[in-house]
Amino acid sequence: MADLVTLNERFEIDPGQPLPDFDSPSAKAYVCSESSKSADFFALVGDPKVPLRVEAINGLKGFPHHNLMRVHDHGVVNWTITGRRMPVLILDRPRGARLFSDPGQIIEPFTDEQLARGFLTPLVAAMREMSQRGVTHRNIRPDNLFYSDVSRRSVMLGECVSGPPGYFQPDNCESLECAMADRTARGDGGVLDDLFSVGVTLLSLLTGRMLPEPSDPQRMIFDRINFGSYACLIGGTRLQMNMVEVLRGLLTDDSRERWTIRDLELWLGGRRLTPKQVKLPTRAARPLTVGGGTYENVRAVAHAIGRNWSTAAEMIRGQDFDNWLRRSLGDEAVVEAVNKVTGGANGIQNAPKDEDARLVTRVAIGLDPSAPIRHKGFSCHIDGVGPTLALNFNDDATRQKVAAFVSSRSVGPWMSVQTRSKQDLLELFSKFDKLPTLMNGTGPGYGIERVLYELNEDIHCMSSMIEHLYVTDPAEVIPSLEAVAQGQNRPPIPMDRHLAAFLGARSPDIEDRLLRPLGNSSDTRPAIDALNVIRLLARIQTLSRNGPMPALCQWFVELMKPAVNGFHNLKARAAVENNVMKASESGQLAEILKIFDDQKAQQRDQQGFARAQQEFSQCAVQIAQMNLDLQNKDSLAAELGEQAAAVISGVVGSVGTTAIVILYLI
Amino acid sequence: MAASSANAASMKVIIFAIGGGLMLFTLPTFLLLGLGMLPTFAAMMVDRRREKYTTLCVGCMNFVGVLPFVAQLWSEDHSYAKAFEIMADPFAWLSMLGAAGLGWCIYLLAPGVVSMGIAMRIEQRIARLRRRQRELVEEWGPGVAGALDDTDSQKAEREKDRDG
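Chains as they are written, first to last, in my numbering: chain A, 1 to 666; chain B, 1001 to 1164.
Honestly, I wouldn't trust all of these hints.
When the alpha-carbon atoms are kept at most 20 Å apart in a straight line, the in silico SDA-like pairs for lysine to any residue are as follows [as the list claims (entries may be wrong)]:
#, chain 1, residue 1, chain 2, residue 2
1, A, K633, B, G1117
2, A, K633, B, G1112
3, A, K61, A, V124
4, A, K571, B, E1138
Chain B is faced by these chain A residues, among others (derived, beta-carbon under 10 Å) [to be verified]:
#, residue
5, F609
6, A612
7, S649
8, V652
9, T657
These are calculated hints, taken from the structure and not from any lab test.
On a predicted model such as this, the values are computed, not experimentally measured, just so you know.
Yeah, the Cβ is synthetic: ideal placement off N, Cα and C, and Gly gets one too.
With the rest of the complex left out, here is chain A:
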């Protein structure tokens, strides 16, 4: 038995006992127990590359129903199997097994009674609670259902927090608006998107098999647009009349027509209505050709434009598109929306050629405001941009796509044509509004890394130094760097673009004045890079009250040696060395910073050194002059010597003459 791993001193996870039946697509399940209780739990050890839905975890805290696999705790543990720190979720362990253990499995079709009492009733209760908490599940699919009891009478929803919303959903289980987006960028969606997934899951339970994945997903999208998702998903399946009503209600593509939780509750309560015909999109008087294909309705045209963005601009500028939009389509709301985001026909014609991609994006937004934003082949809901970047940050193409999307400033036009106005959308809009400025910064703390952390408030720092330590809070950065400092493979400096961006995005106390100098190459003072880094980390250490970090301080002592040697005055240098050693022993970066941040002392040293240099050179000049005089002393002495001899003779002569005169006079 492997050593137990403890989470938050409460749950014990046994890495030696995996539970493959409860695995999630990106997380492995293990046996878990709580020391004080006998309740059934299991642990999901997540893939660090896949961001958790921490906001949803917090939103679902204290969830009262057993119809949803609840998260009882989560955190980060030292996972011995991988030798790194891993995110862990502690979840309710279902009494029964998974309904569909693999996509090809066929189960006994559910009866009406089983569906109503065993599936829909608990599900509706859970969804009602989630709706009230403002959390969407976005992971409702047949293979994420479990029997909640051994007798297989009731079904519970699987977890919904181990990956980005909709990331693990097959296209078929997603509403059309979400399915049109890239898998990673489906966003949180809404309760109506969950209800669509409920409809698809209901269909699978009725038939006893999961819907097969379409061989051509894009063909399937266009089919769903043109013929409706209901028709495409039901296909030739024979359904009982009472089920037709609920499935038509849930699988309709028009979100205004789609059944709500209330409708589902009424249906479960016995209300029966004549099934409504699924409303198909309005067809234009004539089709429009986009990228070689012909499309008859506005949503299909918008989707085709998004997919053929590189050639669509020319078509959009043409008279044919304008005629189609204003005459053939016959939908004033669409014309108004397109005018709003593009500035009308003049706006389209006057758009610069190098902004074709942006023009295409805006036209697609105007044509289909509820669809994902499509820019240069990247199709996303705005709350899905962050997870996309987080999941594929190391992929150049993804980084470029996201960077282009952020630079396009498409969120503003998209917001302007949205009928719903949610507070979180406004927050996202303000965030996207400032992203281009942050992204265009070239130094550490800015760039696409900053975008990553701004858009993903809960992901861990992906700095190669501390990625394995799964740091999610700025307060954990300093202890993590202390661990790195104690290790053998220290990088050149305890800072990189990821770490700077992480601190800049997560810590409100890290201002630009601390980040900007990190990329300032014009300052040539010795060890200036280390000084700028220590300034930033000292602030974090002070704010986080991390306590002494001797190894990190020692690391900085070594990095700051050029700055110590930068003191010219040897006595001052010795004093600084002494002070640095003392500060290092204290383990406080701020103490080291205090020594090197004294610019007046450095200025005094510089000025003194300049004066000393000047004096030294003056001495040297004088010495050289005197050596020259020494060489020429004989010629000098000849002149002076003759003068001196004359003076001596004169004096002696005068004295002698005076003496002789006096002698003869007396």
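Given chain A's structure and the hints, the job is docking chain B onto it.
This is chain B only, laid out in the frame that chain A set:
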């Protein structure tokens, strides 16, 4: 112009007349001085310098050597006989020529002595400057020598080592 040159000429005549008159009355003295001061005249002949330092040196000392005998001539008997008597005395010649020789000695030795003095003074000042440079290096490190040829600072270091 003509008046000033006439004045100068008449002034010369007056001086020569007075000098000639004096010479007439003091011929023994001039005889003694003329012969006793011969080294000075010789020095004057070889002294090519405008300042006439050699002449001054030899002349002053020579005069001191001649003066006692002039005084003797004046005090005892200012006559040709006395002048010739003095001239015949070898001690008198020893005194007069010895004094002139002493003047020559002073003239020849003084530059060497002065040279030594100058050298001593310069070396003292150089030592003081090097000591200051050494102090600067001790306080600021070898970098204080800056772009200068390192030899100065190295020399300062070497001297420091030598001084212990």
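Against the structure, test the hints numbered earlier, and report the numbers of the ones violated in rising order.
-> The structure conflicts with no hint, since it agrees with every one listed earlier.
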